[in-house]
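Listed below, chain by chain, are the residues.
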Amino acid sequence: MKKSNYFFVTVLALSLIMSGCQQGTNKSSNGALASSAAEKVYVAPGEQDEFYAFLSGGYSGNLTVYGLPSGRMFKEIPVFSQFPTSGYGYSEETKPMLNTSHGFIPWDDLHHPDISQTNGELDGRWIFVNGNNTPRIARISLATFETEEIIEIPNSAGNHSSAFITENTEYVIAGTRFAVPVPQRDMPINEYKGNFKGALSFISVDQESGRLDLKFQIMMPGFNYDLSHPGRGASHGWHFFSTYNTEEANSLMEVNSSQNDKDFIAAINWKKFEEYVNNGGGSKMATNYAHNVYDDRTHTGTSTMVKEVVTVDPTQVPGAVFFLPTPKSPHGCDVDPSGEYIIGAGKLSADLTIHSFTKMLEAIENEKFDGEAYGIPILKYEDVMAGVVKSGGLGPLHTEFDGKGNAYTTFFISSEVVKWELGTWEVIDRKPTYYSVGHLMIPGGNSRKPFGKYVVAMNKITKDRYLPTGPEMEHSAQIYDISGEKMQLLYDFPTHGEPHYAAGCPAELLASKSQKIYRLDENEHPYAVANPSEARVERDGNEVHIYMSTIRSHFTPDNIEGVKVGDKVYFHITNHEQDFDVPHGFSIIGQNTSELLIMPGQTKSSLWEPKQVGVWPFYCTDFCSALHQEMQGYVRVSPASSNIELSWSLGED
Amino acid sequence: MKKASIIMMVGPLFLMGLYVFPLWTIMLGAPQYPDPLGMNIHIDGIQGVNEFDIQNIDGLNHYIGMKTLPKPEEMWEFSTFPLVIGIMIGLGVLIGLLGFFKKVNYKWFIGWFIFMSILGVLGMYDFNAWMVDYGTNLDPNAIMKLANPDGTPMTYKPPLFGHTKMLNFDVTSLPATGAWLMFTGMLLTIVASVVGWRNRKAPHVKNPVKSQHHE
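These protein sequence lines map, in sequence, to chains A and B. So for the first sequence, our numbering puts the first residue at 1; every next one is plus one. So for the second sequence, our numbering puts the first residue at 1; every next one is plus one.
Isolated chain B, as found in the complex (with noise of 0.2 Å):
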């Protein structure tokens, strides 16, 4: 259980990644944009992969009739997030501290990573809901209306997950750097879960003595 513990303790850090990495990445790219235009989606703010590229990328939606790229203080996501994230790191490194001192088991492990994926596919949810009324919520004065071939008016969502041809750009969106370190800390949660699943019945013959000395 005590190595369980600590892989408990240890992959809940890795969702500290977020504060410093891109959740997401969203890349646009056209026959005159050689060098893709791009946005990092933090969990505190969208940012331009390269500097002015958010500018750049509103310059262009601003013809289909797409509202501008959110600040951070136009969207609760980005100031709740971060609280959401610190409040599960910290759950779950106490979680893996109590499992240490034998407070808690395994189970534990488990119910903090099932509740990590619930908010992870909540947070999903809401995302793929923003870029849903981004790319569909048009100002009716747009400067240029298109229609699909079958006359209704197109909208502009970038995908989730992958690529898609939008007009004259190709938009790939795809997971970035921040979240492959969360995912890597969820997995650690799941080995957590595992090792002390297994170790559930095994005799702790050291424990009793250390114990002793920590108390």
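Chain A on its own, in the form it takes in the complex (with noise of 0.2 Å):
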């Protein structure tokens, strides 16, 4: 504990001498550059950004897209959070994307997103993001900028080296946080040693619809897997998985699993594994998982429960996994575009460990081993280290690449930015943060290719950032300009939730297939109505069926009788613009979910449970049109043991 104490001591007294420092230098460069500054973030009114950055939302459980350098924000996109927005996870079609093997998740903490790659480029296909909390992995459409498919993730817990994809999308790659009983069973927690596990799962993607498949879980030793990155390059078909609590404490983490000098980053050489499994290697588990597939012309989601998944232990697949001793905790785990350095960011130290793809196969090449863990063996540090970088910073966390033999690492404790060169180590320039950043983002920075342009560094505290609103505020985000020798602070934003991570990308790759409208023709909706003739209200026992079309600047139809308390009513309600941006809304009176938003050619369902008899209204809530607020109607609910027959109309008296 003492030890511990004094650590925190001085960790404090730096942090406060660096922040100090900064302050000072940042007034004095700040006047000479603002100008230019400005220049370098204004866009224009009617111009568009240069580049899409996916920002995750943290424990809002959502995607926000927003623009560089501009800093705007485009579109929160709902994941794993219900989103009354739009109705997401509030509507018939998109409850079951939030189905789990827990039953209904209205939420969860959304981490890191990766957009698709192509021979390890960035290819705009997809983006993929987990959830941490009842682990998932989610697929998003880039085209729609819809969430498409989620899939749990079984025998993982706090799924946080995740979701980092192979560099052909071969792979969706999600670790475990917490190592967990695998089964799931009843045992004392202090037992945890050597009996808990921690399951690295592979899923693969299907190239043509992106559909996603638990391959296989990799039942590791119980640490904590941290954060990944793929091999690329000469180290494609390697993965990289940091670790903490080697020590497999259960309690006090905080001081228990920082006892080891050296924690371990995993290499995996996934190919080896997978043909394992490919020739009938791994065994099959019981188990119970969700998979939500959205189809975007039925526009529902179904879930399908699955029973069973293959599990692999590592020690069966000889020459396959190896531990390469990493300093402290390591929490980033980076690998350059060239694939050949792997960058361990020891989150209590100062300095970041750099170890060599090449140094790495010579050493498992000449078995030169240190002893092993649970059977996995353990490199020697000295064999497999490239280099140390000594920044000077405290607590680096994240590193990323500017494709310009240059990288960018994160320290959250002394909140800074640190550029260095591979190779030489040095450091080339620092610039500080506003505060306390976790990670950061060049467009492409994970990949073999990146836009080497701006830098985003998320914050995760703002205080005097922006006016103040009271405790609770968003965070803040920073971006440099880093196309120079020196970085140059061009702006500062707030975001939403808690961006840990983001992926970015040229406007380019994505702009120009981003889906305008959904088309009508190919509605596939049980019961969407392609025609406002075909509009109708049905009964089946106490449900009530109502098939309505809109279009400016009414609801078809949009007087409707003979309903009764204690029915459940189905409002389908199709959107028959098609016309780019022209949602419809719909909303009831009494409606115990959420409103609808509805996009062209798209068909949502909203249940409503009328408790009370009387004529109650319904109206679009979106601005559609010069005649909005016309577009309403009503629903004439009678006693449940009224005779009153169904009927329904649409302009008539």
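Any given hint might turn out to be false.
[To be verified] Interface residues of chain A toward chain B, partial, derived using beta-carbon atoms under 8 Å:
| # | residue |
| --- | --- |
| 1 | Arg-552 |
| 2 | Gln-578 |
| 3 | Asp-579 |
| 4 | Leu-627 |
[What the hints assert, rightly or not] Residues of chain B clear of chain A, computed beta-carbon distances all greater than 12 Å:
| # | residue |
| --- | --- |
| 5 | Gly-45 |
| 6 | Lys-103 |
| 7 | Tyr-156 |
| 8 | Phe-161 |
| 9 | Gly-162 |
| 10 | Phe-183 |
| 11 | Asn-199 |
These are computed hints drawn from the structure, not numbers from a lab. Backbone N, C-alpha and C define an ideal beta-carbon position, used for all residues, glycine too.
Combine both chains into one complex, guided by the hints.
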């Protein structure tokens, strides 16, 4: 205890000193650069940004889309959290998307977006994200910017070293942060050590449809698998995971998991595992997880429970897993664009440790091991280490690359971004962040081909950066120009939720293929109406199905009678517009869910359970046209005993 | 006369472009329509410049009480025009062919051109009459009934040629590819006429030989 107290006091003192210094230097340099900085982030009205940036929403459960360099937010894409704005997770079609083995989960903690790649370069087909809390991986279409698929990860807990993709999008990789009993069972917590497992999941991606399939899980020792990145180029076929708590402590983790001088980076040769599994290796284990798929033709999500998973004991696949000792609970585990360097950011230290892939292969070849852990060979630190960046900062977390031989690392404790050179390990520049930066993003920074023009630093602490809004406020981000030798702070903007990570790409990769409407003639929703003449109301016991269409500026039908108290009334609404950016909304008094926001050509359904007799209005919530205020209608609700027949109309008196 | 006749045969063939390309294009742009809506007027019907433009123009027009844009079966013109154009092409090629065999002279070429021009003017007159009806014969129950500054009801006839401002829309009406091909074809028949007229007295030395070959 005492030792750790000293440590944190030192850290605190250092961080105070550091932040003091930074404020001083910042003030002196701000004036001269202010005007050119403004020009660099100014995107004139009507002009568009150079880059898309996808910032994770953290505990918002959703993904946000920004433009760079302006820092303007374009969209919040609902993924793991219910989103009343569009009805995601409330509409009948999207409720299945949030189904899990624990039932309907309205929320998650979304951490790490990664854009699909071909040959290690961004291809802009999909973006993958992880749900941390109830382990899930989601795939989002970059044509519709909507969530198309969510797969739950069994045997995992705190799905944190996820969702990182291999360089041809062969796999989305998801590692567990918390080791857990596998299979889950009732057992004493203090029997963790040696009994809990750390599952690393390999989810294959269909190259045409993008469909996910949990192909196999590697049952690793019960460490905490924190972050991970794929090999690329020569190291393609390998995947690297940072670990902490190799002590396998189960309580007071902040101290007890920080005792080992070195934890590990786990190097996994997934091609060997893939081959092993393809040849019938591994064992089938009974399990239960949800696989949810959304179809943009039926506009409907379906949830399927899967009952089996292939697990692999890593000791059964020789030469496929190695541990690389890495100092002090490494967080970031980043691979440079060439695939040669694996950068471990020891978050409780001042330094970065860089491992060499070539040296690692040599050490494996020569079987120069320094013992083993649970049958997995440990390589010697000196044999695999290529260099150390003596940064002078504190608390390194995450490194990305500019494609010009430089790396940029965030330092949480000392609140700064440090630019250093690959190979010489020399620090070139450092700039403060405001405050306590977690992660950073260079568009394509996690690929073979980064677009090294800007870096965005995502901070954990906001304090005085914006006008105060009470105790709770949005996080802050800073964008820096990194096109020159020295970084230049350009702009500061608030972000939504808690962005942990981000992915970015050039605008032209996505802008031209962004879908404008859904085609009505491709709408295969079972309750869609292709033509207003098909609009109708049907009763099936106490279920009432209203097949309704909308177009500027009316609902068809807009007068409905014959509904009774106790009925389950389903409004199935098809937007008949085929014009870009003309959604219609739907809401009705007493709706226990949320409104619906229906895009052109789309059908969405809302369940309404009227509890009171009366004549209840519904209306369009989206200001769709000059006649928007007139876009309304009534449902007459009669007593349960009433004999009034169902009837519906539009424009009749 | 041989050269003139060949030009006369080729000219009317340019009118075949009307079966593929639009005759006229009317574009409607507004601030909230950075990608303007547009209609291509073909001899056999009206099509959107982009796939859903017709539906979207109709959607906007219903506010001011304009009728929906006619489907091909709703206007006799769209079944008659293709026939008339076909007949004129056939006639033009036939005149050229007869000219080639010296059965008719260049005056027939001029005759075709004048006839075609009359039809063209009639077509334009008809088109304009339709636009007047479309733009002024409004639904008395229209959602928005707007008046000019002098108090007369506002009408919405698109221009036959050129640009006009209608409420928030900039409307531009111009000949399209089909029309330009037609103009080119008609111009060629004038060229044929001029060439034929210039050569009207020139002795055709080779012609008897050639015509013998043909006969």
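Which of the numbered hints above does this structure break?
none
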